[in-house]
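Q: Here is how the chains run, residue by residue.
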Amino acid sequence: MGNMREDLQHAVKLARIELTAEEEARLGSQLGDILKYVDKLNELDVEGVEPTAHAVPLTNVLREDEPRESISHEAAMRNAPKTANGLFIVPKIVE
Amino acid sequence: MPHTLTISQLTDKLTQGELTSRDATQSCLDRIAAVDDQLNAFLSHDPADALAQADAADAARAAGETKPLLGVPIAMKDVIAVNGHPLNCASKILGDFNSPYDATVTQKLRDAGAVVFGRVNMDEFAMGSSTENSAFGPARNPWDTDRISGGSSGGSAVAVAADECIASLGSDTGGSIRQPAALCGCVGLKPTYGRVSRYGLVAFASSLDQIGPITKDVRDAATLLGVIAGEDPRDSTNVPEPVPDYTAALTGDIKGMKIGLPREYQVDGLDPEVKAATDAAVAELEKLGAEIKEISLPHTEYAIATYYIIATAEASANLARFEGVRYGARVDGASPEQMNRATRGAGFGEEVKRRIILGTYVLSSGYYDAYYLRAQKARTLIRQDFLNAFEQVDLIASPTTPTSAFKIGEKSGDPLQMYLSDVFTISCNLAGLCGISVPCGFSKIGLPMGLQLLGQPFGEPDLLRAAHAYEQVTDWHTKQPNLD
Amino acid sequence: MEYEAVIGLETHVQLRTRTKMWCGCANEYGAEANTNVCPVCLGLPGVLPVPNAEALRKTALTGMLLNCDVPSYAKWDRKNYFYPDNPKNYQLTQLDFPSTIEGFVDFEFGEGTERVRINRAHLEEDVGKSTHFADHSGVDFNRAGVPLLEIVTEPDLTGADMAYEYLNALKAILEYGGVSDCDMEKGQVRCDVNISVRPIGQTELGEKIEIKNMNSFSGVRRAAGYEIERQIGVLREGGTLVQETRRWDDAVGITESMRTKEDAHDYRYFPDPDLMPHTPSEEWLAEVRASVMELPLARKRRLMADFQLPASDAEVFVGDAALGDYFEVAANGAKNPKAVANWVMNNLQAKLVETGGSVADVKFEASAIGELVGLIEGGQINSKIAQDVFVKMFESGKSPAAIVEEKGLSQVSDSGELEAFCNEAIEANPGPAEDFRNGKETALNFLKGQVMKASRGKANPQMVGELLKNILGS
Numbered sequence: 001m002g003n004m005r006e007d008l009q010h011a012v013k014l015a016r017i018e019l020t021a022e023e024e025a026r027l028g029s030q031l032g033d034i035l036k037y038v039d040k041l042n043e044l045d046v047e048g049v050e051p052t053a054h055a056v057p058l059t060n061v062l063r064e065d066e067p068r069e070s071i072s073h074e075a076a077m078r079n080a081p082k083t084a085n086g087l088f089i090v091p092k093i094v095e
Numbered sequence: 001m002p003h004t005l006t007i008s009q010l011t012d013k014l015t016q017g018e019l020t021s022r023d024a025t026q027s028c029l030d031r032i033a034a035v036d037d038q039l040n041a042f043l044s045h046d047p048a049d050a051l052a053q054a055d056a057a058d059a060a061r062a063a064g065e066t067k068p069l070l071g072v073p074i075a076m077k078d079v080i081a082v083n084g085h086p087l088n089c090a091s092k093i094l095g096d097f098n099s100p101y102d103a104t105v106t107q108k109l110r111d112a113g114a115v116v117f118g119r120v121n122m123d124e125f126a127m128g129s130s131t132e133n134s135a136f137g138p139a140r141n142p143w144d145t146d147r148i149s150g151g152s153s154g155g156s157a158v159a160v161a162a163d164e165c166i167a168s169l170g171s172d173t174g175g176s177i178r179q180p181a182a183l184c185g186c187v188g189l190k191p192t193y194g195r196v197s198r199y200g201l202v203a204f205a206s207s208l209d210q211i212g213p214i215t216k217d218v219r220d221a222a223t224l225l226g227v228i229a230g231e232d233p234r235d236s237t238n239v240p241e242p243v244p245d246y247t248a249a250l251t252g253d254i255k256g257m258k259i260g261l262p263r264e265y266q267v268d269g270l271d272p273e274v275k276a277a278t279d280a281a282v283a284e285l286e287k288l289g290a291e292i293k294e295i296s297l298p299h300t301e302y303a304i305a306t307y308y309i310i311a312t313a314e315a316s317a318n319l320a321r322f323e324g325v326r327y328g329a330r331v332d333g334a335s336p337e338q339m340n341r342a343t344r345g346a347g348f349g350e351e352v353k354r355r356i357i358l359g360t361y362v363l364s365s366g367y368y369d370a371y372y373l374r375a376q377k378a379r380t381l382i383r384q385d386f387l388n389a390f391e392q393v394d395l396i397a398s399p400t401t402p403t404s405a406f407k408i409g410e411k412s413g414d415p416l417q418m419y420l421s422d423v424f425t426i427s428c429n430l431a432g433l434c435g436i437s438v439p440c441g442f443s444k445i446g447l448p449m450g451l452q453l454l455g456q457p458f459g460e461p462d463l464l465r466a467a468h469a470y471e472q473v474t475d476w477h478t479k480q481p482n483l484d
Numbered sequence: 001m002e003y004e005a006v007i008g009l010e011t012h013v014q015l016r017t018r019t020k021m022w023c024g025c026a027n028e029y030g031a032e033a034n035t036n037v038c039p040v041c042l043g044l045p046g047v048l049p050v051p052n053a054e055a056l057r058k059t060a061l062t063g064m065l066l067n068c069d070v071p072s073y074a075k076w077d078r079k080n081y082f083y084p085d086n087p088k089n090y091q092l093t094q095l096d097f098p099s100t101i102e103g104f105v106d107f108e109f110g111e112g113t114e115r116v117r118i119n120r121a122h123l124e125e126d127v128g129k130s131t132h133f134a135d136h137s138g139v140d141f142n143r144a145g146v147p148l149l150e151i152v153t154e155p156d157l158t159g160a161d162m163a164y165e166y167l168n169a170l171k172a173i174l175e176y177g178g179v180s181d182c183d184m185e186k187g188q189v190r191c192d193v194n195i196s197v198r199p200i201g202q203t204e205l206g207e208k209i210e211i212k213n214m215n216s217f218s219g220v221r222r223a224a225g226y227e228i229e230r231q232i233g234v235l236r237e238g239g240t241l242v243q244e245t246r247r248w249d250d251a252v253g254i255t256e257s258m259r260t261k262e263d264a265h266d267y268r269y270f271p272d273p274d275l276m277p278h279t280p281s282e283e284w285l286a287e288v289r290a291s292v293m294e295l296p297l298a299r300k301r302r303l304m305a306d307f308q309l310p311a312s313d314a315e316v317f318v319g320d321a322a323l324g325d326y327f328e329v330a331a332n333g334a335k336n337p338k339a340v341a342n343w344v345m346n347n348l349q350a351k352l353v354e355t356g357g358s359v360a361d362v363k364f365e366a367s368a369i370g371e372l373v374g375l376i377e378g379g380q381i382n383s384k385i386a387q388d389v390f391v392k393m394f395e396s397g398k399s400p401a402a403i404v405e406e407k408g409l410s411q412v413s414d415s416g417e418l419e420a421f422c423n424e425a426i427e428a429n430p431g432p433a434e435d436f437r438n439g440k441e442t443a444l445n446f447l448k449g450q451v452m453k454a455s456r457g458k459a460n461p462q463m464v465g466e467l468l469k470n471i472l473g474s
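Residue numbers (my numbering), protein chains in the order written: chain A, 1 to 95; chain B, 1 to 484; chain C, 1 to 474.
Bear in mind the hints are in silico, worked out from the structure with no lab data behind them. Virtual Cβ for every residue (Gly too), placed ideally from N, Cα, C. Treat the hints loosely; a few may be bogus.
[Said to hold, decoys possible] Just the calculated beta-carbon pair ranges, DEER-fashion:
#, chain 1, residue 1, chain 2, residue 2, range
1, C, 320, B, 49, 57 to 63 Å
2, B, 335, A, 5, 45 to 51 Å
3, A, 40, B, 280, 31 to 37 Å
4, C, 320, A, 78, 42 to 48 Å
5, B, 269, C, 31, 57 to 63 Å
6, A, 5, C, 29, 43 to 49 Å
7, B, 366, A, 40, 15 to 21 Å
[Said to hold, decoys possible] Over 12 Å on every C-beta distance to chain C, these chain A residues come out as not near it, computed from the model:
#, residue
8, 24
9, 29
10, 33
11, 36
12, 44
13, 46
14, 47
15, 49
16, 69
Start from the sequences and build out the full structure, keeping to the hints where you can.
A: Here it is, written out as structure tokens:
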């Protein structure tokens, strides 16, 4: 990765998105512009302001511990790219 | 030509026995066959399934059943799950995904007797303002097919404007219902956050997304909202407020209603034609007895920056599940990580990649406080602006969009310019308000323009009353594009 | 230079609930792969989580059992990382406002009692389970979304054995509270171990090294023991330690480096927009508090004090809470609680094992064991008869007194009747009688046995001894 700021490259890596060199160059410059634009928020005095995570102030939304009928195994697996023995198959996990 | 009818017109004819649901559904299917090649509103539809639902509705009606949408064909944005049907979010990454479950709104539509049909076009994962970001080509504006339909619910608006369905559902995260409704000349309603269940709506930005109707008139929006609103034990963010009869609010009487005009909405880039049309609409509302007041929303200029931080951050996590393990179009790799990278690199379009990277960036170590936390605080200030304003006024009026529909391709190289065009619609989602766009005129070259009204949380009845009263004294909503 | 170890543990425990954390799928081990799954726990597009109230109750209960505060505000966060077993590729957890904070666990270690402080016990969700094949891996999502409690200690543990004893004490508490079955075989308890060493006397901590994903307590003890030695060894040889994550190889008995701080994860935590905060009310907390029970260590001490039991007996009753509850009822008011304990631990336990039942299935009242002991102590029956009475109690559920009465098992303590038995025995066995007279004490036992036999076990053995001596000595 050559044409992108290092901090953006870090984000690309975290996001697990393969980019072509061309995409990297274009996205790198566009994201640079967007980040410059959003820096506008630095003008704001947010001292003592509570952050908003939800648009409505609900609390304690819970469900009782009661089983609910689910979808069939076949329905669960039918969109899988690869299955065997009832498992979702992926390239070998090595850690 | 049953496909041109509104929900209320069609329902009357079905009740009178003048038409069957099969007639209406077939008429929509014929219309799609006739015009959709020009419009690309539908990504897919299943005529046999639609007609089977129509026949079932006709049988139910013959057996004496009455339901609010019995036999009415409703098209679904490709971001809402319908059991047994494709769910692609207009993206390549989902491959041939077929939903094994129904969204709550889908279930509610079925319970109301609707014929749920078609997958309509949109910006990929609802990210965009023009439907140019669809992996399956842009939806085209029926008033000028060289122009954009607006977005992200472009297909929903086009399908309604071009009479390919009776009404449709879209989703709105920063204007995605209201903006294409304005640009295509139909009515688009974004309900209050928490009013309509999000279960089965593929999430873009969870704290901003709402499903809402796109319709041919305000009465239909009220009817459709009444069906899809309400409590859902599957959605923790759903507010357990009783659902009123929204059509009862359509009295035509807005005398004494206070409507605010935000001083800060006189922005650069506001097209004089759009300004003239909305000014005229406001004057019309005043004539109907509304009291017009100037108000201030002092943090308006920070809304777009706030939105693009919060929405992309949420999206970066919401879209992490598309990596080729359990569903979707996998591109192989030697390790799970390589498979994920290749799958996401090939499957996501550029706007989606841009937003995921931006959202990942603003959450990443060292940047969280500077971007994400600051944006959450700015969101508090923006919300507070509206709550203050609503102490003085009942509704807020503005243009829905700064310009009418632009040419396809015109802004595609400059995402930031595209983002800036969301200026009037975005705050509504940040503040958790409700909003509606109604047709308020046509530009000199014949492109529709929209008036936006914003209401307090759960203020849909006021919003619908004002929009309906305006609609009663104008005929913009009755105009139809010529596609022959 | 002498070194000391500093250990902190993060223990992940699956909660015992009927359903998963966010959906109505069964929280059940051992089902066919990918059968306890639904759109929610598979992370299909469009789904939303709704929290399981019981999991929150059990979390709060755990907090109370671990002497934690249960704050009036808790929220959910997304922890972002890609892994094939992680359906959403973010895990829902509680970062900065967990459901319980700041407690402690007291546990026995060596001769005394130690205290480890608990930083927090927060609620999160389990991931799926991967199976590895030659050239690929397979994932089963039955476990994905099972409620998982992460219990984090302060770095208060100073050695491998101490860590081991803390874990045992923690497990006992969680089992006691009915919070988790803590079945290690089923992977219901997993630990991450943080270890550093420092020269004795130094206050700042050494470089922290984490050993991930240990699934047995003995493994934790071995790994910690190995790791402490390794780290001290590195420092003694003049080497330096770096912050890193290591893996325990149980077969070889060593730890190996997995990753260093440089490639540590960047989890991008942020508040989950799909889940609303939990703000437990006083009523809700009171309801949870009502199910707080005595902790194992406290119970052990009380059993020892109130019933004069030796530590080993008390541990049996603490280890098997149901049996312990049974014992407490049986021994209530008993003059000899130790004898009651013996009956419960030996005879009752043996019968339960034999029949495969539990104390809930026992037909007689627990107080009947106290009565049985009373009959023995009062001399109404002897201990041999008591064994038979117990068997009949177990079969029929009748009270021991009723059985003794019914079967005529009452001990014969009438001296006239016993004297007759004794004379008969002496007459029939002149040899042994003569032997006793000549000073062979053991001959008396033989005669006693004959009397017991003649009386079908009912004779009071003490009285028989006395009588025989009197007769033969006169």
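Q: For each hint, tell me whether it holds in the structure or not.
A: Hints and how they fare:
1. C/320 - B/49: 57 to 63 Å: holds, 60 Å
2. B/335 - A/5: 45 to 51 Å: This hint is violated: roughly 26 Å between Cβ atoms.
3. A/40 - B/280: 31 to 37 Å: holds, 33 Å
4. C/320 - A/78: 42 to 48 Å: holds, 47 Å
5. B/269 - C/31: 57 to 63 Å: holds, 59 Å
6. A/5 - C/29: 43 to 49 Å: holds, 48 Å
7. B/366 - A/40: 15 to 21 Å: holds, 20 Å
8. 24: holds, 20 Å
9. 29: The assertion about residue 29 of chain A holds, with a minimum of 24 Å to chain C.
10. 33: holds, 23 Å
11. 36: holds, 22 Å
12. 44: holds, 20 Å
13. 46: holds, 17 Å
14. 47: holds, 20 Å
15. 49: At roughly 16 Å from the nearest Cβ of chain C, residue 49 of chain A sits farther out than 12 Å, so the non-interface label holds.
16. 69: violated, 8 Å
In terms of the numbered hints stated before, the structure departs from hints 2, 16, listed from lowest to highest.
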